[in-house]
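At position 741 of the sequence shown (counting the first as 1) the number is 741 in the UniProt record's numbering, and the numbers step up by one without a gap.
Because the hints were derived from the structure by calculation, they are not lab data.
One or more hints might be untrue.
[As the list claims (entries may be wrong)] Only pairs whose alpha carbons sit at most 27 Å apart, straight line, appear in this in silico DSSO-like list of lysine-lysine:
no.	residue 1	residue 2
1	K588	K201
2	K846	K801
3	K625	K159
4	K159	K619
5	K101	K59
6	K698	K766
7	K801	K201
8	K20	K136
9	K625	K577
10	K577	K766
11	K231	K241
12	K608	K577
13	K801	K766
14	K76	K10
15	K625	K656
16	K608	K588
17	K231	K656
18	K101	K10
19	K608	K676
20	K577	K619
21	K76	K95
22	K95	K10
23	K131	K201
24	K801	K131
25	K10	K122
26	K136	K95
27	K122	K59
28	K201	K95
29	K101	K136
30	K201	K231
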Amino acid sequence: TGLYKCACLKWEEVSIMDEKNIPIRTYQVCNVLEPNQNNWLRTDWIPRSGAQRVYVEVKFTLRDCNSLPGVTGTCKETFNLYYHESNEDRESYIKESSFIKVDTVAADESFTQVDVGDRIMKLNTEVRDVKVTTRKGFYLAFQDVGACIALVSVRVFYKTCPLTVRNLATFPDTITGADTSSLVEVRGSCVNQSEEREEPKMYCGADGEWLVPIGGCLCNPGYEERGGACKACRAGFYKAKSTDPGCAKCPPHSHSLRDGATICDCHAGFFRADTDPPSMACTQPPSAPQQLISVVNETSVVLEWTPPHRLGGRSDTSYSLECLICQTGSHSHTGGRFCAPCGSDVLFSPGQTGLTTTRVVVSELRAHTHYTFIVHARNGVSQASGAGAAQSVSVSVTTNQAAPSPVSSIQATDVTRHSLSLSWQQPDRPNGVILEYEVKFYEKDQRERSYRIMRTFSRSVDVTGLNPLTVYVFHVRARTAAGYGEFSTPFEFSTNSDPFPLIGEGVNSAFLLLSVSGVGILLLISAAVFIISRRRSKYSKTKQDSEEEKHLNPGVKIYVDPFTYEDPDQAIHEFAKEIDVSSIHIEKVIGMGEFGEVCSGRLRVQGKREIYVAIKSLKAGYSDKQRRDFLSEASIMGQFDHPNIIRLEGVVTRCKPLMIITEYMENGSLDAFLRKHDGQFTVIQLVGMLRGIASGMKYLSDMNYVHRDLAARNILVNSNLVCKVSDFGLSRVLEDDPEAATGTYLSPGGKIPIRWTAPEAIAYRKFTTASDVWSYGIVMWEVVSYGERPYWDMNNQDVIKAIEEGYRLPAPMDCPVVLHQLMLDCWERDRAERPTFSQILNMLDKLIRNPGTLRRTGGERYLQYPQAQYWSQGWWSLCEWLQSIGLERYRDTLAAAGYTSLDSLLALTHQVKIKHKTRTKQKQLRL
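Let the sequences and hints guide you as you build the complete structure.
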C-alpha cells in the first residue's frame, strides 16, 4: 500500500527509478561517517480494525559497509523496527522510550556502488509480526543507527480466515488470534432452507486456514444440497426428511406438481397407508379371495380359499372371517332368511381376524343349523380406500347331527358308608334329544384298571355296593341319535367310614391307646424320611450345580490376531461395535495421533447414560495400509475386557472420517501426569498404580498376547488414578515356540523402543511375555522416579552396550529396596529367570498388605548391581569400572572431587546427597 506520511529526522524522501525504469518514492538515510546515529522515521496512526496480530512487510536496499572507505566502526548494516499502541491519532510527538522494539532487521543482499552503476538493485523483503491488542491503533517507527539504507515500501496487513461454507453452514470472515498457536472458535450459521443437525463450529488458525469442522446443517424437507446451498426439489421429485441424502424421484403411482415437495400425491385409485414411508409406491386394496370351499364335519366346518387375484401391489394382505346364523322367518330382508352374528362360544383356529393363512377350522357350532361364512381380504390401504363388498367372498353351510358335549358338573348327595346319589345338568350343547346317560366309576387307587358302568334315562342315579371310607372317581357322558359324547372330566367323592368295631362293646382302653400311639409313631417316621430325602436331594443338587459350573468354565479366552483376516472389515465387525455417528458429540481437539486428530467428546447411546469419550479419527487421503493399521488397533482392543485395559466403546466405519471411540482418561498419559505432580504421592499410591498396570498385563499374558511397547507414555490415568494399558499399535499375538516356555513374536523389522526393550528383543527381535516383564520393570522405574527418562541423556547405542555389560538402572531417589529388587528381577538377562506377571501381582499385593516393608530405602543400593561383586573383591580399579560401563570420561571429574578409588566412591552416602537435592544432581551422582 506504500508508506504512510512520516515525521522524520535525517531521513530524506527521494525519487528513484526501479529496474523497469518506473519512478518510485523512497525514504533514504546514509549518515555512515558520523558515529552514534539515531535517525527515526515514523508512520501515521494506523487503525487496528479488530486485528490482534499484524504483519509488517518491509522492502529495502542496503549498502555494503565494505564498499564505503573510511567508515570502519561507524557503518552499520541493520536497522530497528518499533511500534507504539495508541487509542487515537493525536500524538504529534512520541518519546523514543514509548516505542517497543519488534526486531533488528538485517539485509540478505547488500549492494555496492558498482552495483548501482550496473543497475543491479539488491532489493530485500522482510516480514515481521506484531501483537497489538490493547489500543485501537498503533504507530510504526524505523530507527537507523548508522546504515546506508533506502526504504522502498512498507506494507502492513493482518490475516483472516476467509468467508466459507462447510457442511451447509456459513462461517464469516474471521480475524486470526493474537498468538501464532491460538485457535479462534467460530460458530457457523445454517444456510437458507436448512436446519442444524449439530451445532456447526470451526477453528480459525493463526495462518488463516480453517481447521476441525464440527457439526453441520441439513437441508429442510423438500430441499437438497447443491453447490453448498439448499435448492428446492424439482417437480416429480420429493424429499420427506432432512436426514434423507437428497431429492428422490416420486415412487410409482404418485406425482408432485410443484417444486419443494416433501411427499408425492397418489394417483387416482391408488392410496398410501398411514404407516407407509413416503418412498413406498402408492397401492390398491386387494380383490376378493378366490375359490372358497367348505367341508362340514358334524358341528365343525373347514374353510379354505386361495389368495386374491390382485394383491394391489402390497405384501401385507390379511384375512378375517365373519360368522352368521341364518334362519327362515318373516323378518327376513332377503330371500326369506334372517341372519345374526354367531355367539362368542364359536371357536376359530388359528383365529378369526388378522389371518395370514388361507385355512380356518370353525368348531363348537350348533347341530342342524344354517351358517353363512364371509371371508374378507384386506391390506394396509383397505381402510383408506373405503373398499368393502368387492373384497369378500361368502359360503353357506348346514351342520350335521352331532354327539352331545360333555357334562360340565356332577354333584353327590346322600352319602353313606356303602352308597351315594349323583346328579348333573344337561350338556351345554346337547345337539339333539338326549336318549340316555352313562356313568363310569372306579376306586381312585385302581386308576381305571377296574371300573363299573351304569346307565340311566334321567339326570341322576343311585350308586350302591361301595366300600366304606373309599374315594371313587366318576365320569358321565350323554348319548343322542348321533352317538355318545365325550366323558366329563373326573369328579371324586368319598363314602363314609364304619365306626370302630369294638368301641362300646367291651374293648379295653389299653388297646385304644396302643392304636393311637402306633399312628403317632407312623407319622413321626414319615416326617423323618421326608426330611432326610430333602437333604439328600439338596446335596445332590449342590453337587450337580458344582459339576455344571465346572463344565461352563472350560478355560481362558484366547486373543485372535486381526492381521490373520484377509479382509480387515471382517475383523472390525467381529470384535468392535459400530456406532452411529449421530450419537457422537465432538467438543474439542486434545492432540494429534499417528493417523489424525484426537478429540474429546460425549457419546449418547439410546437406553444408556451419556459418557465422555476419546475420539481418534483417520485423516483424509489415507492409504489402504493406513486404514488397515488404524482399524486393527480397534480390532485388538475390542477383544479385551478388564478394568486395567483401555475400554473400546466402538467404531465408526460407515461414514467418513473413520473413528475409534474409547473411554476418556481425564489425566492423560502416566509419564506426563507424574511429571506434573512430582513428589505429591505416597509410596502406597505409587505401588497401587503399579499394581493396576501389572493386573492389566497379567490379563493380556493370560490371553497369549504380547504388547511390545509397554511404557509409561502408553499407560493412561483416569480421574480416580486408575491406570490402564493402551496403545496396541505395535502389539501382536504370541505363537507357540518349541524352544521356549512361552510363545514368541518375531518382528519383521521396524523401530523398537530401545530404552524399554529386553536385550533378546533388541538383538533378535524376539518378543515374549518375558520381554514385556522387562518393559514393566522400566515402567516401575519411571513411576517411582516420577516420569524421569530412563537412562537419562545416554544415546541408544550406549544404552545397548551398557545393558550387555551388565549395567542396570539404579534405584530412584527414596525408592524402597523391595521395589528396586523387583525391578532388578524383571531385568534378569536370562528371560526364564524373570518373574511372571502373576508373580509380580502377588508380590505387589503383599507389599500393599504390609506397607512397613516399603519404608526402607537403600543407601547401600549401589552394591546391588552386577559390578558390586567385583568391587567388594577388589578385582577392579575405578578406571576399569568406569570403562566397563562406558563412562570413563568422568574419571577426571571424580578424581578432581577426591574420588580416586572404588572404596572412596562407595562413600557416597545420604549425607552427600543432602547437598544435591535436585533430580539433575542426583543423576550426576549416579553417573
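Original post:
Out of the numbered hints, which ones does the structure contradict?
Top reply: Hints 2, 3, 7, 8, 10, 19, 24 and 28 are the ones this structure does not satisfy, whereas the remaining hints hold.
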